[in-house]
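Engineer: The lines below spell out each chain.
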Amino acid sequence: MTWEPVIGLEIHVQLKTRTKMFCRCRVGFGAAPNTQTCPVCLGFPGALPVPNRTAIEWVVKLGLALGCEIAPRAVFARKNYFYPDLPKGYQISQYDLPSCINGKVLVPLQEGDHAVGIVRAHLEEDAAKNVHVGGRTGRIGGADYTLVDYNRGGTPLVEIVTAPDIHSAEEAKRFLQLLRQTVVELGISDAEMEKGTLRVDANVSVRPEGSDELRTRCEIKNMNSFNHIARGIEAEIERQIAIWESGGEVEQHTYDFDVASGRLTPRRAKEEADDYRYFPEPDLVPVEPGADMVERLRAELPELPAVRIRRIGERLDHERALVLVTGGLDGLWEATVAAGADAIAASNVIANQLVGAGVEPAAVAPGELARLVEARERIPRSAFDEAIVKVGQPGFSAEPYVAQEVVSDTSALEPVVDAILAANPGQVEQYRAGKDGLLGFFVGQVMKETKGQADPRAVNELVRAKLAG
Amino acid sequence: MSAGLAPWGLGSDTGGSIKQPSALCGNVGLRPTYGTVSRYGVVAFASSLDQIGPVAKTVRDVALLYGIVTGRDPCDSTTVDRPEPVEVPTAERLDGLRIGVPRQAVALEAIEPGVRASFEAALACAEDLGAHIGECDLPLSFEYGLPCYYLIAPAEASSNLARYDGVRYGPRSAGETYRDAVERTRDEGFGAEPKRRIMLGTYALSAGYYDAYYGQAQRVRTLIVREHAAAFGSFDVLATPTSPTVAFPVGDKAADPLAMYACDLLTIPSCLAGLPGLSVPCGLSAGLPVGLQLVGPPFAENTLFRAGHALERALDLDLVPERLRA
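Those protein sequences? They're chains A and B, same order as listed. If you're matching positions, the first sequence starts at 1 in our numbering and goes up one per residue. If you're matching positions, the second sequence starts at 1 in our numbering and goes up one per residue.
Some hints here could point you the wrong way.
Have a look at the derived ranges for each label pair, beta carbon to beta carbon [stated by the list, open to error]:
hint: 1; chain 1: A; residue 1: Glu319; chain 2: B; residue 2: Asp81; range: 55 to 61 Å
hint: 2; chain 1: A; residue 1: Arg26; chain 2: B; residue 2: Arg103; range: 56 to 62 Å
hint: 3; chain 1: A; residue 1: Glu170; chain 2: B; residue 2: Asp211; range: 52 to 58 Å
hint: 4; chain 1: B; residue 1: Met199; chain 2: A; residue 2: Glu249; range: 34 to 40 Å
hint: 5; chain 1: A; residue 1: Val285; chain 2: B; residue 2: Leu64; range: 28 to 34 Å
hint: 6; chain 1: A; residue 1: Arg298; chain 2: B; residue 2: Arg103; range: 51 to 57 Å
hint: 7; chain 1: B; residue 1: Pro321; chain 2: A; residue 2: Lys129; range: 55 to 61 Å
hint: 8; chain 1: A; residue 1: Gln252; chain 2: B; residue 2: Val69; range: 50 to 56 Å
Pulled a few chain B residues facing chain A out of the computed Cβ check, cut under 7 Å [as the list claims (entries may be wrong)]:
hint: 9; residue: Gly41
hint: 10; residue: Val42
hint: 11; residue: Phe45
hint: 12; residue: Ser48
hint: 13; residue: Asp76
hint: 14; residue: Thr79
hint: 15; residue: Ile111
hint: 16; residue: Gly114
hint: 17; residue: Glu156
hint: 18; residue: Arg163
hint: 19; residue: Val167
hint: 20; residue: Arg168
hint: 21; residue: Tyr178
hint: 22; residue: Ser206
What the simulated footprint calls covered on chain A by chain B, stretch by stretch (three residues with Cβ under 8 Å from a Cβ of chain B suffice, anywhere in the stretch; the number is not a length) [unchecked claim]:
hint: 23; region: 278-286
hint: 24; region: 303-317
hint: 25; region: 456-467
Hint data in this document are derived by calculation from the structure and do not stem from the laboratory. Glycine included, each C-beta is placed from N, C-alpha and C at the ideal position.
Could you put together the complete structure from these sequences and hints?
Structural biologist: Right, dumping it as structure tokens:
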């Protein structure tokens, strides 16, 4: 039987507002523990929450970018439970009346657009951070004690819940890349998984291909890169298929993905079912974004990444467009092409060499880059590589690099080739005995000797001729 | 205040804690329109009901103090500015004022005869001052107000009191694990009445019971708001005794929580509706003060002050306790 995976994602995006969701403490990463706190985010008696206007605007903006309806009236609720990272004994979160509902994201894939429904996007406050000390794992089980850092407590979070419209790990990854890029371009979050400003849980089930049933799903947590997410989902799909095919029954459970082993480890089951006793937060009034605000924010939306992937894909190809847009590189690419560079060549140089050299795209002058792209076939490889490393520096000029010429004059290269062949008689013998792969070795030696100034094609021909002769 | 130790004070009120003690002690107390005084800094009990208000010896002092503490506070998002400034009352007549007396309130058997007599005398006095007295109906408010309150207030309290877990401040009892320590801290730190309310409220919010209890109470609350709004179509203020009884001995009702809860029968409906209520002394029963409760539509504090002040002047009561007379 062929199985179809059914995947829904739950994504938490930490907003990079200046201050927290309900107080004026700074939002920050890396400050000394418990230095960014106040009576409100520590849950002191008598303190009251006041919503962050920017966070409310940003969730609306994100909702619009995800094709959602914006609720004219959203309500914060209290989610009640005891945990040391939750100072008030409840988390303030939108519940039955979230800010954004019924969205749809069209993910551009090679074979065409794939629609992923957005069930909801809502605002909530983040919990503080528990640091479990002692034990081996850094997790709560086996720890000697737990320290709580309340700096993160009260940071604005947007929770995005997708419909179970995703049918492979690859689709999940593509959707997340697109979502991440959208969030980054809206300027509302850094959305960095390693910093925890973007967190993803996946709900996975499988069903016989062609059926529309929804079987028992399992949740996978603790995945901290897009590749881990894809691997975690793959592992879970395989696990479930194996259970069904051996006549078993998948049981609902939550798993952590262990990166090192690639295995899923079940979380300890809770003794009782959660009952969060949600009720409307009486300390806050409903969020009622006026139509004028919503329209202003809609007008402010930039051209979204999905649209650009499609547009650029028509000029290049889907893969190249995807890499450029989700890498935040397409702006530079467009400017470089506009400055006269060949579209495909510019895309290759930007997506490969420039990224490989760690150059910040925003720092690059497109006109200078265009000159390098245009000249890259005829200037020495070493000059090109050096120029790419430096292209992001202030005041960079391509001039001294594009002025260099490769040495393709055979008479200048011949003595070098002769010297290299003379110095490696063993390899020459092996080559002549049929080990063709050694050609690259000789060419490399010549390039090294000429410090990259030689034209590789000319060297290639020359070496080949000499060895044949 | 009654002992003359302070000229005025602020009280916090959820279901009657300003008006009720003011009545029993012969003071004037205002529970303002919900949202007109900041709750910031007040230890929360039931956030949608908690209000702060002034208590003083006279209506004018109460009005003066209310004028100072009212207004929008950026630290409390549920606050608003009053649509009109506070006026300290001077008029001594009540010509044209329409006073409604809820039939269901005065029919309560719990109202002591002495309280009823003082209340009726106060109404007669108001009529002499030019007010029109009429009857009105608030059947849902008085039948369901109390049960509605005792679902909403404990539900919110159960959540508001969750922060007292001993982790960050306050007493902490030792325990082997986090859960153990929190359970012990809360067991040892809370008295019987808070525990009772936490349990009631937790139950009312639980999955499977929410709709039947907390959800239903919120719907009833909406009906109580509407019922009051309808009454204000015909009347400017509503009048009842503030408390069914005069002050009772300390500890008298401690063993019977239901009898204790019933003391709030008359103050609770307007609290649920978020309406302003003023308690002014209106007589003595067996030597103890009786309070008259005047309730108005939202932001009608000035009307309550005018009515209270005129009655206060006309009744001219001397409520200084015997033992405090020099």
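Engineer: Please name the hints from earlier in the document that this structure breaks, with their numbers sorted from lowest to highest.
Structural biologist: 3, 11, 14, 15, 16, 24, 25
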